[in-house]
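Engineer: Sequence:
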Amino acid sequence: IYTYNSLIHGFCNLGRMEEAVKVLNEIKSEGFSLDIVLFGTIINGFCKKKEIDKAMAYFHDLIDLGLKPNKIVYNSLIGGYCREVNISKAIELFDDMKSKGIVPNNVTYCTLMHGFCKAGQIEDAKKIFKTMKETGLKLDVVSYTTIINGYCEMGQMEDARKLFDEMLSNNILPNKLTYTVLIQGYNKTGEREKASGTFNEMVERGIVPDSFTYNSFVLGFCESGKIGDVAKVFDEMSERGFELD
RNA sequence: UACGAGU
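Start counting the first sequence at 4; every next residue gets the next number (my numbering).
Keep in mind that a hint or two might mislead.
[Claimed, not checked] List time: in silico DSSO-like cross-link candidates among lysine-lysine, alpha-carbon distance up to 27 Å:
hint	residue 1	residue 2
1	Lys31	Lys92
2	Lys51	Lys165
3	Lys136	Lys165
4	Lys25	Lys53
Since the hints were made in silico from the structure, they are not lab data.
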């Protein structure tokens with residue numbers, strides 16, 4: 004059943020849900036019973052494909068079979084609704100999960116914060132972040148990067164930087180996503196020097212930029228018409244063995 | 001064996 008699940012997971016990652024479902028049905032016809040992990044895999048697959056209705060159908064199926072939805076299943080579904088910016092449905096599930104005694108974790112909260120940010124509800128995202136601290140959850144790099152990204156999208160770079168510093172003082176190490184988010188934020192506000200400073204800081208910390216980081220960084224130069232700097236970065240990328248696509 | 005952040 005682990006093997007089957009891995010196979011289904013693979014199809015889900017490729018977005019090939021018809022085949023994922025086929026494997027799931029094959030398991031049933033071979034007389035195995037579906038477990039919560041298999042449901043979790045298929046539900047998450049449909050959530051990622053923005054087919055939340057199908058995901059919800061499996062959610063009801065598993066309940067009908069007498070299985071109990073767990074934290075992962077709820078997190079996936081909450082993420083599915085957030086992806087289509089249906090915040091009220093996401094919150095409905097969030098409440099439902101809590102009413103069943105399931106305690107939200109970092110993933111749950113980050114998913115919600117991300118959803119709020121996407122919906123432009125940064126204030127609500129901030130509230131979630133506050134709740135996370137109050138409940139004594141161990142914030143991690145994803146928690147911080149998610150909320151920092153919310154501030155960056157609003158162009159509130161002073162606050163973003165404050166949170167970044169707070170993160171450091173809590174001994175949570177930023178990664179390339181954290182830095183990329185900051186660079187994009189500085190691009191948004193037109194603070195080119197800070198974008199460059201952030202990029203340099205990242206490299207000094209020994210964090211290796213990837214194509215997302217470089218793209219964001221270069222975009223800043225493009226927007227200010229500094230084509231010469233773009234060429235410089237391209238050269239550096241080639242030296243680092245990056246294929247320019 | 002399934003869930004969260006960046007162009």
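Engineer: With reference to the structure, classify each hint as holding or not holding.
Structural biologist: Against the structure, the hints:
With a C-alpha separation of about 30 Å, the suggested pair Lys31 and Lys92 falls outside the 27 Å cut-off, and the hint is violated. Between Lys51 and Lys165 the alpha-carbon distance is near 32 Å, which puts this suggested pair outside the 27 Å criterion. Of the supplied pair hints, the one linking Lys136 and Lys165 holds, its CA atoms being roughly 16 Å apart against a limit of 27 Å. Restraint check: the Cα-Cα separation between Lys25 and Lys53 comes to about 19 Å, which is no more than 27 Å; the hinted pair holds.
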